[in-house]
Amino acid sequence: MFGAVSPAKRVTVRWDLDKTYLHTEFDSFRGLARIPFESAQDKVSAPGVAALIRGLRATARRRDITLRVLFLSASPPQLGKVILEKLAMDGIEHDGITFKDQWQRIRRGKFRDIREQVGYKLTELLRDGRNEKSGTAEYLFGDDWESDPLIYSLYADVVAGSLDRAALRSLLTRLSVDRELAALACELAANIQREGAVRRIFINLPRRSPLRRFRPYGLRVVPTFNYLQTAACLYEDGLLDFTAFSDVVADLRTAHAYGAVRLVNSLRDIERRGHLSRAGASELASRLHRSGLLPEYAVRRSRMRDVWARFRAALRRQGVLSQAMPAQGGGVDYKALVPDAGEEIQ
Amino acid sequence: MPTIAVDTMGVNGDLRPAVLGAAAVSIATDIQIVLVGPTRDLQRALDETSYNPELIDVVDVTEKPIGPTEAPDRALRRGSGCSLAVAARLVVDGVAETFVSAGNPSALWSLCARDFSLRPNISRAAVAAVYPRQVDGAGRDPLGLILDVGATVRCDARDLVGFASLGDSYVRCVSKVESPRIGLLNMATRASAGGPELVAAHRLLERNPEIRFAGNVEGHELASGSADVVVCEGLLGNVVLKMLYGLAEIAVDLTGAAAQRNWRWRAGMAMLGSGVERLTPMVEYEAYAGSPILGFQATPIYCDPISPAPALANAIKLAAKVSRDFGPSGSAAV
Numbered sequence: 001m002f003g004a005v006s007p008a009k010r011v012t013v014r015w016d017l018d019k020t021y022l023h024t025e026f027d028s029f030r031g032l033a034r035i036p037f038e039s040a041q042d043k044v045s046a047p048g049v050a051a052l053i054r055g056l057r058a059t060a061r062r063r064d065i066t067l068r069v070l071f072l073s074a075s076p077p078q079l080g081k082v083i084l085e086k087l088a089m090d091g092i093e094h095d096g097i098t099f100k101d102q103w104q105r106i107r108r109g110k111f112r113d114i115r116e117q118v119g120y121k122l123t124e125l126l127r128d129g130r131n132e133k134s135g136t137a138e139y140l141f142g143d144d145w146e147s148d149p150l151i152y153s154l155y156a157d158v159v160a161g162s163l164d165r166a167a168l169r170s171l172l173t174r175l176s177v178d179r180e181l182a183a184l185a186c187e188l189a190a191n192i193q194r195e196g197a198v199r200r201i202f203i204n205l206p207r208r209s210p211l212r213r214f215r216p217y218g219l220r221v222v223p224t225f226n227y228l229q230t231a232a233c234l235y236e237d238g239l240l241d242f243t244a245f246s247d248v249v250a251d252l253r254t255a256h257a258y259g260a261v262r263l264v265n266s267l268r269d270i271e272r273r274g275h276l277s278r279a280g281a282s283e284l285a286s287r288l289h290r291s292g293l294l295p296e297y298a299v300r301r302s303r304m305r306d307v308w309a310r311f312r313a314a315l316r317r318q319g320v321l322s323q324a325m326p327a328q329g330g331g332v333d334y335k336a337l338v339p340d341a342g343e344e345i346q
Numbered sequence: 001m002p003t004i005a006v007d008t009m010g011v012n013g014d015l016r017p018a019v020l021g022a023a024a025v026s027i028a029t030d031i032q033i034v035l036v037g038p039t040r041d042l043q044r045a046l047d048e049t050s051y052n053p054e055l056i057d058v059v060d061v062t063e064k065p066i067g068p069t070e071a072p073d074r075a076l077r078r079g080s081g082c083s084l085a086v087a088a089r090l091v092v093d094g095v096a097e098t099f100v101s102a103g104n105p106s107a108l109w110s111l112c113a114r115d116f117s118l119r120p121n122i123s124r125a126a127v128a129a130v131y132p133r134q135v136d137g138a139g140r141d142p143l144g145l146i147l148d149v150g151a152t153v154r155c156d157a158r159d160l161v162g163f164a165s166l167g168d169s170y171v172r173c174v175s176k177v178e179s180p181r182i183g184l185l186n187m188a189t190r191a192s193a194g195g196p197e198l199v200a201a202h203r204l205l206e207r208n209p210e211i212r213f214a215g216n217v218e219g220h221e222l223a224s225g226s227a228d229v230v231v232c233e234g235l236l237g238n239v240v241l242k243m244l245y246g247l248a249e250i251a252v253d254l255t256g257a258a259a260q261r262n263w264r265w266r267a268g269m270a271m272l273g274s275g276v277e278r279l280t281p282m283v284e285y286e287a288y289a290g291s292p293i294l295g296f297q298a299t300p301i302y303c304d305p306i307s308p309a310p311a312l313a314n315a316i317k318l319a320a321k322v323s324r325d326f327g328p329s330g331s332a333a334v
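Respectively, the protein sequence lines represent chains A and E. Okay, so the first sequence: first residue is 1 according to the numbering used here, each after it adds one. Okay, so the second sequence: first residue is 1 according to the numbering used here, each after it adds one.
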C-alpha cells in the first residue's frame with residue numbers, strides 16, 4: 001500500500017472546503033446564487049467527514065501525535081463567518097482557514113484569477129508548507145470537481161524534491177497560471193524539500209469521475225467514493241484508531257442511512273483498487289462486526305463471496321494470496337496530464 | 001433492494017458490456033450487484049466508467065467461460081468454477097436473489113435444472129420472452145409474453161398448463177396486468193385443433209378457474225394482442241419469436257431504404273419522424289433486456305451473447321424487479 005508506513009508523530013492534514021468538506025451546490029446558477037445567503041445551518045457537510053476529522057483529532061490525542069488541521073478554501077473571506085460557525089457546529093477544531101481574497105483580485109484587475117485555482121492553491125500550500133517541521137507527514141484532501149489532484153500532486157512533488165523549480169515553472173506556464181503567481185510559487189518552492197512528506201492525497205468523488213482519470217497520478221492519489229474509504233486508509237496508516245474509525249461508521253449508519261452491505265462493498269472496493277490491504281479490510285470488517293456495527297450477514301456475505309476465489313488462489317499459488325493490485329508506480333505522469341509540458345519535465 | 005449476481009464473462013470472456021451495464025445500474029438505482037469474473041479485469045473495466053462502489057461487489061473467477069458450442073454437460077463438469085456456475089452458486093448460497101447471464105444458453109439451462117428446485121406444481125421451467133403487439137386502448141402493456149421459447153423442445157399438456165400458470169402469475173406480478181388473458185398457440189382456434197397434447201392442454205386450461213383462458217391463438221393473432229400471455233412448446237416458441245424479431249427488423253430496414261430512393265418518400269418519412277422514433281424501441285433488442293427463466297424458485301435472466309451494455313443494464317433491472325415482485329411464491333398453483 002502506498003501509505004502503509006509507520007505513523008508519524010507530527011501530522012498535518014490539509015482540507016479543501018467546497019465539495020470536499022461541504023456539499024456546496026455551485027454546479028447550478030441557482031445553487032451558486034444561494035451561497036451568499038446561506039446560514040451555517042443551511043450548509044451541509046459530506047457524510048462522515050466531520051466524524052472523520054473529529055476522529056483524527058481524538059486519535060492524535062490518544063496516540064500523542066501533534067496534529068494540525070488546516071482548511072484551504074477558494075471561497076471569499078466574506079463567507080468566513082458562516083463557514084467558521086458551521087465548523088464549530090460540527091465540532092471541528094482547526095488550526096487555520098485560508099480564504100481567497102477575490103476583492104483584492106478585482107481591485108487589481110485580475111479578473112481571470114477569480115476562477116483560477118492552480119496558482120492560488122499551490123502558492124498557499126507552499127507558503128504554509130515552508131513552515132512545516134522536518135518529519136511532518138502531510139495528508140491532503142480534495143475533490144474531483146476542479147484541479148485538486150493536480151495541485152496537490154504538484155505540491156507533493158515540489159516538497160519531495162522530485163519536481164524542480166524549472167519543471168514547475170514550465171508546468172505552470174503550460175497550465176496558464178498567472179505569471180506573478182507562477183513566479184511566487186517557484187520562489188516559495190525553494191528550500192522546502194522534506195522527503196516523503198506528503199503521504200497520501202485523498203480525492204473525494206462527488207462527481208463519480210471515472211477512476212482512469214486518476215491513473216497518471218499514481219497510487220499516492222486515492223480517489224474515494226465516501227469517507228468510509230478514506231477512514232479505512234487512515235486507519236491503516238495509524239492516523240485513526242478503531243474507536244475513531246467506528247465513529248465514522250456509526251455516523252454513516254445513523255445519520256446518513258448507510259446499509260451494512262454498502263459499507264462492506266466500499267471496503268472491498270478500496271481494497272481491490274490497491275489502497276487498502278486485504279488484511280486491513282478483513283480486520284476492519286471483523287472488528288466492526290464484533291462491535292455490533294455490522295450485522296453477521298454482511299460479513300458472512302463478504303466471506304462467502306471470497307470462498308471460491310480463495311480456494312482457487314490457494315491451489316494456484318500454493319497458499320500465497322495476492323494482497324492487492326500491483327502498484328502503479330509512485331511518480332506522477334505530468335506529460336500525460338499536461339501534454340505540452342516542456343522538456344524539463346521528467 | 002435485491003442483490004443480483006452478474007456473470008460477466010458470457011461465452012467469450014468479453015466482460016465490458018456486463019460491467020458497463022452494471023455500472024450504469026449502480027449509478028441510477030439502489031440494486032445491489034455482484035459481478036462474477038476476474039477481479040483485476042473487472043476493476044480495470046470499472047475504472048473506465050462512473051460507478052457506485054457501495055452497490056457493487058466482485059467475486060473473483062478466472063476460469064475460462066463455457067464456449068458457445070461446448071456441450072453443456074461436459075462444459076459443466078469442466079467448468080464448475082466458471083463465472084456462470086459461480087453466479088448460479090451465489091443464488092443457491094443465498095448471497096444473491098438471482099443472476100443475469102449472457103453465457104451458453106444450454107449450459108445455463110442445465111445449471112438451473114441441476115442447482116435450482118422447481119416451484120410447487122410446476123413440471124418444467126420455461127424461457128419467457130416479450131414481443132411487441134398492437135394494443136386497443138391506453139394503459140395496456142404494449143408487450144406480450146410468450147413462453148416457452150426454447151427450454152423444452154417438446155411438451156405435454158401438463159407442461160403447457162404449467163407454463164400458462166407461470167405466465168399468468170408473472171404478468172400479474174411483474175407487468176401488473178390484473179387479469180391476463182392466456183392463449184394457447186395453435187394452428188386454428190377450434191378446441192380440437194393441433195395434436196393430442198394441444199387438445200388436452202386446451203381442455204385443462206378451459207377448466208382451470210384460476211386462469212382467464214382466451215382459447216387457441218393463431219400466429220397472426222400474436223401481434224394483434226388478443227392474449228397477454230401465449231404458451232407453446234419450446235421449438236415452436238423459439239421459431240415464432242425469432243420470426244417476429246426478424247420481421248420487425250425487415251420492416252425498419254425497408255422503411256429506411258425506401259426513404260433513400262425518392263425525395264417524396266423522404267419527405268414523408270421526415271414528417272413521420274417522431275412516430276418512427278417511437279416505434280424503433282419496440283423492435284430494438286436492448287429495450288427488452290433479457291429472457292426470464294420461469295419455473296424455478298429463483299428467476300435467472302438470460303441475455304443474448306452479443307447483448308450490448310444497455311441491454312445488460314435493463315436485464316439487471318428486470319432481474320431486480322422479478323426478484324422483488326415474482327418471488328418463490330409468485331406462482332399460482334396448477
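Treat the hints as calculated values from the structure; they're not laboratory data. Predicted model only: the values in this text are computed from it and were never measured. Take the hints with a grain of salt, since some may be wrong.
[What the hints assert, rightly or not] Derived list of chain A stretches under chain E, where covered just means 3 residues or more per stretch with a C-beta under 8 angstroms from a C-beta of chain E:
no.: 1; stretch: 208-220
no.: 2; stretch: 255-267
[Said to hold, decoys possible] Examples of chain E residues lying across from chain A (beta carbon under 7 angstroms, computed):
no.: 3; residue: D41
no.: 4; residue: Q43
no.: 5; residue: T49
no.: 6; residue: S50
no.: 7; residue: D57
[Stated by the list, open to error] For the chain A half of the interface with chain E, some residues (derived, Cβ under 10 angstroms), not all of them:
no.: 8; residue: R174
no.: 9; residue: L205
no.: 10; residue: F225
no.: 11; residue: N226
no.: 12; residue: L228
no.: 13; residue: Q229
no.: 14; residue: R272
no.: 15; residue: G274
no.: 16; residue: V299
The C-beta atom is built at its ideal place from N, Cα and C for all residues, glycine as well.
Would the hint on F225 (chain A) stand, with a C-beta cut-off of 10 angstroms toward chain E? holds (5 angstroms)
Agreement of hint L205 (chain A) with chain E interface, Cβ distance less than 10 angstroms: For L205 (chain A), the interface hint holds, since the closest Cβ of chain E sits about 9 angstroms away, which is under 10 angstroms.
Interface hint compliance - D57 (chain E) to chain A, C-beta minimum distance less than 7 angstroms: Holds, because the Cβ-Cβ distance from D57 (chain E) to chain A comes to roughly 5 angstroms (cut-off 7 angstroms).
Has the stretch 208-220 of chain A got at least three residues whose CB is nearer than 8 angstroms to a CB belonging to chain E? holds (count 6)
Minimum beta-carbon distance criterion (7 angstroms), S50 (chain E) to chain A: holds (4 angstroms)
Cut-off 10 angstroms, beta-carbon criterion: hint that R174 (chain A) touches chain E: This interface hint is violated because 26 angstroms lies over the 10 angstroms limit.
Is the hint on Q229 (chain A) kept, meaning its closest Cβ partner in chain E is under 10 angstroms away? holds (8 angstroms)
Grab the minimum C-beta distance from T49 (chain E) to chain A and call the hint holds if it beats 7 angstroms, violated otherwise. holds (5 angstroms)
At a threshold of 10 angstroms, is the proposed contact between G274 (chain A) and chain E supported by beta-carbon distances? For G274 (chain A), the interface hint holds, since the closest Cβ of chain E sits about 9 angstroms away, which is under 10 angstroms.
Given coverage of the stretch 255-267 of chain A by chain E, checked by CB-CB distance under 8 angstroms (3 or more): Result for this restraint: holds, n = 7.
Please check whether Q43 (chain E) passes as an interface residue: C-beta within 7 angstroms of a C-beta belonging to chain A. holds (5 angstroms)
Interface hint outcome for D41 (chain E) [beta carbon to chain A under 7 angstroms]: Violated - the Cβ of D41 (chain E) stays beyond 7 angstroms from chain A, reaching only about 11 angstroms at its closest.
In this structure, the hints that do not hold are numbers 3, 8 and 16, in rising order.
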